[in-house]
Amino acid sequence: MNAASTVAPDILPMLVLGAFCGFRESKIKRLDWQDIDLRRGFVQVQAAKSETAKRRIVRIQPNLAQCLAPYSALNGAVVPVNARKKLDRVRKASRLLRWSKNGLHHSFASYRLAAANDAATVAAELGHSTSQMLYSTYREVVLPEEAER
0 MNAASTVAPD
10 ILPMLVLGAF
20 CGFRESKIKR
30 LDWQDIDLRR
40 GFVQVQAAKS
50 ETAKRRIVRI
60 QPNLAQCLAP
70 YSALNGAVVP
80 VNARKKLDRV
90 RKASRLLRWS
100 KNGLHHSFAS
110 YRLAAANDAA
120 TVAAELGHST
130 SQMLYSTYRE
140 VVLPEEAER
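Numbering follows numbering that gives the first Met the number 0, with no gaps: position 73 of the sequence shown is 72.
Hints in this document: simulated from the structure, not taken from any laboratory.
It cannot be assumed that every hint is accurate.
Below, computed lysine-lysine pairings styled on DSS-like, alpha-carbon distance capped at 27 Å [to be verified]: (1) K28 x K100; (2) K84 x K100; (3) K100 x K53; (4) K100 x K85; (5) K53 x K28; (6) K85 x K28; (7) K28 x K91; (8) K28 x K84.
The task is simple: from the sequences and hints, build the whole structure.
Structure representation (structure tokens):
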């Protein structure tokens, strides 16, 4: 996140939505700023923008609200033009060899499950219909004390 805020600050919102909301890259690409309501504390995933064709409300965690606050006056698409090139510049500045396409989604799921210890809530936040996938994929990947850092 530090590299993004220095190298390409306009992509920071898409990164924090992946890291702190658990959105996959494909969902973030469909979001507009009007879908993000910082005042009321939620992101609305419109049915037309959802893989399941169902509307979903995702609560904004305090750390996400803090990161998005400087961008609250923006409108239009959350993902800026040339985002892929900008992500590559951030990757290089961070000295990462590769960028896992939905790595932030997977990290969110693991850390959120460890912190919340509530599979049903985390599954709903991720848009999963049951907690089964969450348990089989993300359970015990991160310890609770690691999630609090």
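Going down the list of hints, with the structure as the test:
no., hint, in the structure
1, K28 x K100, "holds, 13 Å"
2, K84 x K100, "holds, 14 Å"
3, K100 x K53, "holds, 24 Å"
4, K100 x K85, "holds, 14 Å"
5, K53 x K28, "holds, 17 Å"
6, K85 x K28, "holds, 14 Å"
7, K28 x K91, "holds, 22 Å"
8, K28 x K84, "holds, 15 Å"
In summary, the structure agrees with every hint in the numbered list given earlier.
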